[in-house]
Amino acid sequence: MRTRHLPYLLILPALAYLLFFIGYPLLEALYLAFTKNGTFSLETVRRATSDPMFWKALKYTLAFAAVIVPLQLVLALILALAVNRAFRGKDLAIYVLVIPLTISDVAAGLIWYTMLSDHGFMNKLLMNLGIISEPIHFFGYQYRNMEFLAIVIAELWRATAIVFVIILAGLQMISREYLEAAEVFGAGYWTRLRRIVIPMLKPSIQSALIIRTLFAMQVFGVVWILAGRDIPVLAGEGFYQLTEIKDYGVASIYALTIALLSIVLGALYVKFLKAEYLEVRQ
Amino acid sequence: MNDKTKFMLKKIAFYAFIFTVVAWIVIPIIVSTLYAFSSKLDYYDPEKVVPTNFTTAWVKTILFTLGAWDGIKNSVVVALLTIAISFSLGIPAGYAVARFAFRGKDTIKLSIVALRMFPIPVMAIPLVVLYIRLNLIDTLLGVALAHTAMALPFVVLITSSIFGSVEKELEEAAMVFGLTRLGAFLKITLPLALPGLAAAAMFTFVMSWNEVFVASILTLHNRTLPAQILSIVAGASGGAAPAYYKFAAAFIMTLPAMMFVFFARRYLVTMWGITLR
Numbered sequence: 001m002r003t004r005h006l007p008y009l010l011i012l013p014a015l016a017y018l019l020f021f022i023g024y025p026l027l028e029a030l031y032l033a034f035t036k037n038g039t040f041s042l043e044t045v046r047r048a049t050s051d052p053m054f055w056k057a058l059k060y061t062l063a064f065a066a067v068i069v070p071l072q073l074v075l076a077l078i079l080a081l082a083v084n085r086a087f088r089g090k091d092l093a094i095y096v097l098v099i100p101l102t103i104s105d106v107a108a109g110l111i112w113y114t115m116l117s118d119h120g121f122m123n124k125l126l127m128n129l130g131i132i133s134e135p136i137h138f139f140g141y142q143y144r145n146m147e148f149l150a151i152v153i154a155e156l157w158r159a160t161a162i163v164f165v166i167i168l169a170g171l172q173m174i175s176r177e178y179l180e181a182a183e184v185f186g187a188g189y190w191t192r193l194r195r196i197v198i199p200m201l202k203p204s205i206q207s208a209l210i211i212r213t214l215f216a217m218q219v220f221g222v223v224w225i226l227a228g229r230d231i232p233v234l235a236g237e238g239f240y241q242l243t244e245i246k247d248y249g250v251a252s253i254y255a256l257t258i259a260l261l262s263i264v265l266g267a268l269y270v271k272f273l274k275a276e277y278l279e280v281r282q
Numbered sequence: 001m002n003d004k005t006k007f008m009l010k011k012i013a014f015y016a017f018i019f020t021v022v023a024w025i026v027i028p029i030i031v032s033t034l035y036a037f038s039s040k041l042d043y044y045d046p047e048k049v050v051p052t053n054f055t056t057a058w059v060k061t062i063l064f065t066l067g068a069w070d071g072i073k074n075s076v077v078v079a080l081l082t083i084a085i086s087f088s089l090g091i092p093a094g095y096a097v098a099r100f101a102f103r104g105k106d107t108i109k110l111s112i113v114a115l116r117m118f119p120i121p122v123m124a125i126p127l128v129v130l131y132i133r134l135n136l137i138d139t140l141l142g143v144a145l146a147h148t149a150m151a152l153p154f155v156v157l158i159t160s161s162i163f164g165s166v167e168k169e170l171e172e173a174a175m176v177f178g179l180t181r182l183g184a185f186l187k188i189t190l191p192l193a194l195p196g197l198a199a200a201a202m203f204t205f206v207m208s209w210n211e212v213f214v215a216s217i218l219t220l221h222n223r224t225l226p227a228q229i230l231s232i233v234a235g236a237s238g239g240a241a242p243a244y245y246k247f248a249a250a251f252i253m254t255l256p257a258m259m260f261v262f263f264a265r266r267y268l269v270t271m272w273g274i275t276l277r
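If you read the protein sequences in the order shown, they are chains A and W. Going left to right, the first sequence walks through residues 1 to 282 as full-length UniProt numbering numbers them. Going left to right, the second sequence walks through residues 1 to 277 as full-length UniProt numbering numbers them.
Read the hints as simulated data drawn from the structure, not as lab findings. Careful, some of the hints might be misleading.
DSS-like, lysine-lysine: derived pairs with alpha carbons at most 30 Å apart [stated by the list, open to error]:
1. 109(W) to 90(A)
2. 40(W) to 60(W)
3. 202(A) to 11(W)
4. 60(W) to 202(A)
5. 109(W) to 202(A)
Reference listing, derived: stretches of chain A covered by chain W, where coverage requires no fewer than 3 residues with Cβ under 8 Å from a Cβ of chain W [stated by the list, open to error]:
6. 4-18
7. 37-44
8. 59-72
9. 189-202
10. 230-241
For glycine and all other residues, C-beta sits at the position ideal for the given N, C-alpha and C.
Just chain A, with the same shape it has in the complex:
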């Protein structure tokens, strides 16, 4: 009798904690965003969306995800396939490739500022090699496109590692037997990759894509360090509204927009990739 209830009792505290810290904020955010003086009102929504910064932030957040996530997936896939075989220095290479996993977005932003600033390493190196005569300017409002590029570089450097690790773990779960059987029947490397490895990696690719896209919706530290509000993103504008303007309602709308985007994109990935997976298996 007691054993029947035991697992629930053991799980309950953790679940209750999570539900409180996720459920309560969600309700509070909806309350802050959609009420005024205790009654339902779209006043705050209007205030948020009439600010051009809102639409810019939305645009840039989606643009970053659209540029960074596919690049990371391709890069991580190539790296994982390359590393998933025996070669000298394999352990060291994997070790180095996962280092960025533990480097925060703020630190990554600062590191790439060091590399790309006017007197930074890249500019000095290229000038001393005679490749350029003037430093390439990456930072400042008038160089916003270069700031965008710098953020993409920093995010690629920092966050490809997580995609790489997920895909590598997925690769290691693929049974050797499938590949060997295919080889016996004369399938070349590309055929094996296309017909066996990629289809079997679909679940890993799916989790990697979901995780990276969700984090891309919340991108903040790197952008705030390298570009400030030159390039607005949703999380950054929410932060700004809360800490500088003290407008809790508008800040909540930014947060809810991030949540909405995350849910929609997550659902799309699950639907889209699952369907394709089944199709390939048939």
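Add chain W to chain A, keeping to what the hints say.
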């Protein structure tokens, strides 16, 4: 012979590729470390790509004048609190998932994963309102409570897979010999699971150490290191501090993370593989 040259060329191309990627990861870390200790003259000298004169002035200023040292202390306290709270809630749940078959198990597991996907800003912004009411605003406990919400799903999943890897028979044998379930857990399973739990704890530490959004919003005076650094180097409009302070800050933030990878590297791939599939 032709085949052999082709093979060699392929091998060289492969190693060149690996080397390029490794260099692309490592060089920025080395460069930012060197620049963190570079003298002002060397930094502004256009001829000097690699500085040769070093000073600890910037790191010292960031640490002791601009408050990064207090930030480090706060970060450590927050991270330890996060580990304590998330493990005391997460270990029982992880154990239950690993050891018992019960109705709704998959649903519960799935909802825990789903909660992990919840965007941090959505959690953090309304928490400010709650924390003001509860007098938790600008406290380290408040940040740790929020970080726990972030880390707990991870702790449940990873501890369940760690406990799952300890054989059930050992525990059952101990219970046959008169130990209670709790006793068997404490004397048998927990010690065997300890290395894995230590790795999970280290990972929780790094998660909390790196988190900046929640920490920046919930605190003003008692800031963790990333929040402190963010307010030092980037004002509301960005780019407030001189460049060499940024280099020093990068160095201070990166060092502990690198040490973590060194100690926990054996577990990294398995941990993420298990967590995310």
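- Task: Mind listing which of the numbered hints don't hold for this structure, in increasing order?
- Result: 1, 4, 7, 8, 9
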